[in-house]
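Taken in sequence, the protein lines are chains E, S and A. Our numbering numbers the first residue of the first sequence as 1 and each following residue consecutively. Our numbering numbers the first residue of the second sequence as 424 and each following residue consecutively. Our numbering numbers the first residue of the third sequence as 698 and each following residue consecutively.
No lab work stands behind these hints, which were simulated from the structure alone. For every residue, glycine included, the Cβ atom is placed at its ideal position computed from N, Cα and C. Among these hints, one or two may not hold up.
[Claimed, not checked] Listed next, the stretches of chain A that the computed footprint assigns to chain S, with coverage defined by at least 3 CB atoms under 8 Å from CB atoms of chain S:
| hint | region |
| --- | --- |
| 1 | 718-725 |
| 2 | 728-739 |
| 3 | 949-959 |
| 4 | 971-981 |
| 5 | 989-998 |
| 6 | 1063-1075 |
[Unchecked claim] Straight line, CA to CA, 27 Å or less: simulated DSS-like cross-link-like pairs of lysine-lysine:
| hint | chain 1 | residue 1 | chain 2 | residue 2 |
| --- | --- | --- | --- | --- |
| 7 | S | K584 | A | K838 |
| 8 | S | K584 | E | K53 |
| 9 | E | K324 | S | K553 |
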Amino acid sequence: MKKVLSILLTVIMILALVTGCGSQPTTQSQQPSEQPSPSKDAESPSAPAEKTKLTFAVQADSTDALNQLIAAFNDSSELYTVETVVMTNDSGNMHDQLLNSLSSKSGEYDVISMDVVWAGEFAAAGYLQPIDELLAAKGWKVTDFNAGSMASGKYKGKNYVLPYFPDLGFLFYRSDIVSSEDAQKLESGNYTWADLLAMAEKYKGQGGTKYGHVYQSGQYEGLVCNLNEFTANWTDVKGGLEVMNQFTKSDVTPKDILVYTEGETHNAFLNGESVFARNWPYMNGMAASGEYTVKGNQVGFAPLPGGGTVGGWILGINANAKNKAGAEEFLAFIAGPEGQKINATVGSYLPGFNALLTDADVLAKNALLTNQGFSNALAKTIARPVVANYSEISDQIQIKAHEYLSGNGQLDSAADTISGLLK
Amino acid sequence: MQTAKTSKTIMTVIILYLLIIAFPFIWVTLTSFKPESEIWGQSALKLFADQPTMEHYEALFKTTILNSLKNSFIIASITTIYVTLIASFCSYAIARLKFKFKKVLVAVILATSMFPQMIVVGPIYRTFVKLGWTNSFYITLPYSMITLPVATFILITHFAKVPVEMEESAYIDGASKIRTFFRIILPLAMPGIFTSAIMTFIGVWNEFLLSLTLNSDEKFRTATVAISFLRGQFQIFWGQVTAATVILTIPTLIIVILFQKQIISGITSGAVKE
Amino acid sequence: MKNISKIVESKTAYILILPAVVFILLFSIIPIGESLRYAFFDFQLNDQAKSGLYINANYNIALYDETAFYIRSFLDMEEEVVTKDETKLQIDAIRNMLDEYDQYMLNNISSPDMASVVSVNNEKLAYVTKIRDNIMSSLEKLYSFDEPFVCEEDMFAVASELDTAIISSNFSGLNNFKSVLTDTRVHSTVGFTLIFTFISVFFELCFGMALALIMNKALKGRGIIRTVSLIPWAIPTAVAALIWSYLYNGSSGIISHLFAWLKIIPEPTELLLSSTGSLWAIILADVWKTTPYMALLLLAGLQTIPHSLYESSSLDGATKLQQFGSVTLPLLKPSIFVALLFRTLDAFRVFDLIYVLTGGGPGGTTESVSIYAYKVMFAQTRFGYGSAVVLVMALTVGLITFAYIKLLNVKLIND
């Protein structure tokens, strides 16, 4: 037994040494992490007196916007200091993590960021604090904020969220391949899915491309977003499914379009394999970075025929927050003009506060906003259903649609089930 | 008594087999040196990168992955020590001693491993929140749920094989059961103990759900959870994921190598005789 | 003298099992029991009327307060736009009603500790139901007037929460289990999981046995053989699944291209697209990942087989194959049993691998019971129904375990 223990201990010590050397500052687990945390920096100079600590549950931000937001708030607030709790970037896992915490009535997080489709469920469960009073106190109207984001957080007559950053699906096209005449038609939005299919067939193969069009059609939430667009916000479920099937079967899409997520989409498009792509604004950032075959100046933007699905993240207050007044102050800061401006200028996110859409600093940092095709897309957004049992409905839509598209199911059965679910 | 020819064939088969087993890992290692643009598309199928790069490793070391790796080691080691210890007590009693409700105990231990982990996460999380135990090394305690049943069952089979005569001769010498256990039985069951220790270690090392839920703080995050952070909202940073896989796998292999030397010495020393 | 030592000795067993029993009780039985209680309730988190385990009727007084606040503020907004006196009178009437009800809540319902959900008796239940009906009918009367109202839709949406606030018992007995048994998705997921479990555990046993025999041989480079064969196992499942999804990728995956080149599949893209393709892709990844686990368990068993047995049987002129059948297999039976058992239990609970590789696709054909239970519980927050699914799943595994014990006729414990 001694031998076992001594071996184990030696191993642990060796490893602790090996790994410990690489990360010296973290050897004391009680000490704050070695990364310069903005909240700490802000705390020391301005107010040595005890400020109330607030926690903000949010995914890591690849840009510096989040850090600057927090620092700006901590500088300006007399009473509060905010610390971020960085959640996993896997949205499904983050949802479960939040659910565990919120359902235990824990006040662990004061302000939480959410995917737009979670709000209905969380509001129905009573986990969120309505924000109508806050809006009234600040003199803001619902229409001051991004309409799609606000709609996704309105449940039973009450508003529960403010936008963090809105997102929308739209069409990317290769401006160096598509003729200016066709480009104009696309950007105006006056075209049909059949037109897009025809164009995809026409341009496929030009400029070294292999595919005409790529979009998200794997069995996951992205399929629902795309189907929302193909069916023009569920107004023509059967027709939309049929068109989607035409795209799937045609040779303008990759053979494995039915496993495509955003990752496959941007790889195909940015590596110059596809003429068209349906994706979120982030892909423009990747193109503009210049690290890929397709550069920023080869890309154009247009609305999708059926409108673009609203995505992105929204912010709400935990109904069991330890400090609601503080949570409201922070929420108002981050979703209001100051916070949204930092987010839009530093992180190039779309602002959720509408007045900023014409702000010169924001426009300077966000080239998309000055693009006509993108502006048209922004004007044609459509939302997914806001219901308490959204994930159940979404799950069944995914399965039914994927079953039909993969040739394992009938069109009528899929269309009827999906229409029935949305009633 | 094999001819040189057949042993050569066997070696070839073994080498081929090992290559197949190792292939995904080799491929991942090679991919971790490719720049992000070569990870997808045509160049993804090439063995070596056109422009090999260390950028993924550099990016990875800027994150807190090393700290997470350390957490994983601490958590897995603590769990391994205490689970192996209590499992060996328990399984010795089951294999050798008489007591009431033995069958019930065995059935219960087995039954607990029929439930998926996801259903215990919620209740355990709520208890941990109440006790203020989230984000700490207390997480090692609930890991008994996933490791104790396997460890116990492996050890039962090994204790059962230790010859009864050796035990009896110890009793005749007047040793107590506990003394016999530590002096005679435990050393003889060493290969089984090492096996169950490795099982426990890797079981904890691979765990994701409990770790994500209970230790969400960066300071206490384990390596599996840290890897799940290597993605953006719409993309996975494949270069970093492959690099992290390499970093995560190599130290585990070192542990396994250290342990298995002990297993080998366990047999060659001839401890187990009839 | 002998008697005393016997008492101590018989207690030894209990002392030895005590720590394990405590741990199993605290971290397995109690949490599992807590979750399984849910199965007897219509318990779902996304509906405040069902988000607890309620045997008796309750009232959500916090929700009443919030609703009353909203109704008042909507009334204020309407008051500014309405023109007729009778409308204004109706608005005032509703306000008075709310004042009266607020008072009632304060005197009769609210508890000293300000709990948001309080238990109510039949009399009180009848009264809060009356409150709901009265408010609804007065609101209907208000909106029947011909006025340029501004928030009619929101008003009714908010007022509907008065109904949500009334919490009746959501104890559902065996209803959840009845639904599980008739749920076609449970049938298909159990079917898929059984197929997956048996095929992959079968291959794992064959390969694991071969690997264990190789590892046990005194070959040159045994250390390397052992180390290399353990690589897959040392990679966490969540990460291994990600890696395989990259290797299987239709355009950049080396494995899918290799298989297409070997004509195993018609096109590289086919692997994750068809239900059979995905099934085998999942099985391959699982066999790769867990064969070392199987091998290590069997190896531990092999090492306890004394060499003298082989020596004596080879003196009797037995061939290697005969030795395997007559010496190795029978002595290895307990180890094979444990390895099979735990691999089966694990395989039946398969989650991470499928979740990452196919997400249950195409068209839900590769959905395992765990994935379905996970979706029901965590994504859809129907914990009651999800717990029932989990319980049915555990019972299925229990049956398989029982079958193993009978088939292999293993005696792990000698009483």
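Each hint tested on the structure:
1. 718-725: Check passed, 6 qualifying residues.
2. 728-739: It holds: at least three residues are needed, and the region 728-739 of chain A offers 5 whose Cβ sits within less than 8 Å of chain S.
3. 949-959: holds (count 5)
4. 971-981: It is violated, with 0 qualifying residues against the three required.
5. 989-998: holds (count 6)
6. 1063-1075: Holds, because 5 residues of the region 1063-1075 of chain A bring their Cβ atoms closer than 8 Å to Cβ atoms of chain S.
7. K584/S x K838/A: Violated. K584/S to K838/A sits at ~84 Å, over the 27 Å cutoff.
8. K584/S x K53/E: Violated, because 59 Å separates the two Cα atoms, which is more than 27 Å.
9. K324/E x K553/S: Roughly 21 Å between the alpha carbons, so the hint for K324/E and K553/S holds.
Hints 4, 7 and 8 from the earlier list are contradicted by this structure; the remaining hints agree with it.
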